[in-house]
Every structure is written in C-alpha cells, then in structure tokens.
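Q: Note that the protein sequences, when read in sequence, are chains G and E.
Using the UniProt record's numbering, the letters of the first sequence correspond one by one to residues 1 to 225.
Using the UniProt record's numbering, the letters of the second sequence correspond one by one to residues 1 to 225.
No incorrect hints appear here.
Which copy? The list can't say, so a pair holds if one copy fits it or any two copies do.
Think about it this way: if two alpha-carbon atoms lie no more than 35 Å apart in a straight line, the pair counts; the simulated DSBU-like pairs of lysine-lysine are: (1) Lys-184 - Lys-134; (2) Lys-55 - Lys-175; (3) Lys-163 - Lys-25; (4) Lys-8 - Lys-134; (5) Lys-163 - Lys-221; (6) Lys-55 - Lys-212; (7) Lys-10 - Lys-164; (8) Lys-89 - Lys-102; (9) Lys-212 - Lys-70; (10) Lys-134 - Lys-70.
What the hints contain is simulated information worked out from the structure, not anything from laboratory work.
2 protein chains.
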Amino acid sequence: MKKVYTGKTKNVYELENGNYMLEFKDDVTGENGVFDPGANTVGLSIEGIGKSNLKMSVHFFEILKAASIKTHYVSADLENGTMEVLPAKVFGHGLEVICRMKATGSFIRRYGDYIEDGTPLDAYVETTFKNDAKGDPLVTEDGLIALGVMSAEQYDSMRALTKKIARVVADELSKHGMELWDIKFEFGYNGDEVILIDEIASGNMRVYKDGKIVDPMDMGKFLFA
Amino acid sequence: MKKVYTGKTKNVYELENGNYMLEFKDDVTGENGVFDPGANTVGLSIEGIGKSNLKMSVHFFEILKAASIKTHYVSADLENGTMEVLPAKVFGHGLEVICRMKATGSFIRRYGDYIEDGTPLDAYVETTFKNDAKGDPLVTEDGLIALGVMSAEQYDSMRALTKKIARVVADELSKHGMELWDIKFEFGYNGDEVILIDEIASGNMRVYKDGKIVDPMDMGKFLFA
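Just chain G, with the same shape it has in the complex (with noise of 0.2 Å):
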C-alpha cells in the first residue's frame, strides 16, 4: 500500500484494486487553537475526532446512496479509521466548493456591507481554489473554464450536486436539532462523471444548534444521540 498524498487531515493511500484509501487523521482546521472551517492551518489535534469524522461521513455517505446520489466512497473500516474510495482526479490544483445556507465567515468579509451575517441564503453555491499563500481565491464558472479547469457541463453537474448534498445534510441535521449555516466540498472528475469526493464531517461546515456553534467534537454526541 502505498502512500501518495499526505493532507492536512487525511493521507491517501493507492490500494491494488485501482480504488484508494483515506486515513482520517486528529488534525482539524483552524487558527491559534480556535477551529474555523475555512482556515487554511491546522489550528488543533483533537484525539479521537478523525474516527468520529470517518463516522459521521460514512454516516451521510450511506444517506446519499440511499438517495442515488453517487459519491467516492466504497465502504469503511471504523476501527481502523480508514475509508475506501473509487478513483477520481481533482480539479486543477484542488478546488473547494462551499455551499451556504446562511451568510457568514468570509462571504461576509467580503460583502458585508450587503448582507447581515446570519441572513438565510438558498444553497449559495461558490468555489475556491486551494492555495493558502493566496488566501484560497474564489473562482468564478467562467474562470473555471477560461482556465481549462472544467467544462460548462462539469461546473453545472458540481453546482447542482452541492445544492442536492448539502440539503440533504442539512436535512439530517435537522432531524436532530441541527442548523446548518454552510459546508465545504471537494469534488473530483472520473472521465465525464463528477462526484463527491473527500468527507462529509465536522470539520467542513459550520453547525448552530439552540442559537450556538457547535464544537466539532460535540457534533457527533448530537448526531448519534
């Protein structure tokens, strides 16, 4: 087994059947100590939330499946912290797609004077390019195509999908006394099929529950209650 990616909270490893392994790591996002989603630091080592990440994926995962909505994951191994998933390539350099139930973190540093923080949003789609010296710039469809990076096809296919996931997480959510205010995707291309990609965890989306961020190690004890 052979490791080909070491990330800032998983490592990838190439299995022999063609698909790939995650190794969920303790490392969440964050910066000085304090967990924000959209930082592009490793701010703290939570022990244990790699596992309860690599629970809460397989989690949403199998709700998408049973929703047809096809992902990267193949199945997983709990004990060991590890996930199977289907080969894909990621989009240029790599690519986050943020969806956004309600205004906040950098969509309201960026336009603030039009929007209150906490304003509803209807599954505001936007991506950004992964690249921290840069501060991950956003990316628009048409830059997207301007430089090669995907087709017109491919960035409405990724749009589409980021509205159907997110709801349906946010759906989830809900069941158990959750908000959901925005989450982060990765999706990645297997010939003309875009797909889900990454996780479904804690540390990609911002959570409220009785008017409160939830800690992301708090998420689970709620999810799982």
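Based on these hints, arrange chain E on the given structure of chain G.
A: Just chain E, lined up with the frame of chain G:
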C-alpha cells in the same frame, strides 16, 4: 446645476432635463505616482487628461452608437470637459465589470499558478464590488443574485454587452496598431434595460503597442493620429 457626486476621476451634476452631466477631471488611478487602472486611489494628476479621456470616450460611444449598442451617452462639450448622459441607477453600491482579452494584473495575482501573464482569454468577464477597504472583492453571478444586487437576466445581459463592447473597442484599437489586454466598465440600469455608463477611456484599460504598455496619456495620440 446640483453636484450629486464627487468621484476619483469625475464629478457628477444633475441637469434640469432629468439627465446628468459628467465633468472629467485630470486625476487618474494608480499608486505611488504610477498609473494602474486596477488601483483604488488617485495616483497622479496629469494636465489635460480629463478632456483627453472625454474625447476618447465620445469617440468610442459614437462607434457603439453606430453599431446600435445603446449607452448612457447623449452629447458632449469637449471645450468644457463635460458629457451629458441618461439617468441610470448603479448596481448595489457600485460594481465594476472587467473584460479580459489577455491574462494580467489581478487575474494573475489570483490565478497565477494556473495561467501565465499575457495568455489570451476569450473576452473573459468578471465583476468586482467597488470597495476600497475590502480591495474590490470579486463577486459571482450567483453572489450578485443572492445579495439582491441584480437578476440573472440583468447579469446575462450585462455580460453579453461587456463582451460585445470590449470587442468593438479592441477592433478600433487594433486599427491603430494597439492591442487591448483588459478593460473595466460600469453598467447601470433604467427599469429593465442595462446600459453602459461612465467612460471608455485610457485610464480604464491596459493597452499594448509594439510589445510595450501604452501610457494613458499617449493613447489618444495613437488613436487620433
């Protein structure tokens, strides 16, 4: 005649017939005395550039009129450096629309790891909010709609007009041995109709001639040679 706005490069007056009058000033944007059409500060003052910009704008507005592309332009007084324009509301607190024929400037600062400076682009269009403190943040079509700044129909109309007008300007410049790299427009609306407002002058575009960037003060010399 009531002054209704004092801008970086223009003052705006209200006329009694319901139209407005733009007074072109001798200030151009830039930083530390160096011309930069993307800058947010007045970088330098050049005697006569106001009237030169007006003359150039009138030249381009007349070409657009001949091509049946409606703009806010009504008439001009070259002696006094003023232009009469139709009333139009600006989008939000001011929006800039950039059309890029070649990748350079902020496009490279954002996406330089995907594309080289000077690479041709197919009249790529992007929009930024006028907000000096936030460094003119990029905003997508979905963002403009989510923020209630414009409708999808208005965006599509503005994008198509931007490409059309940029190509008219590029064609005219190429007749005089110049090459348009990028250009910045402002649009306004009057009911359902979206029209080009502001100016079409050297301070709003990057133009090359014989492999060198054309100084805004020299452009008129080449254009009216």
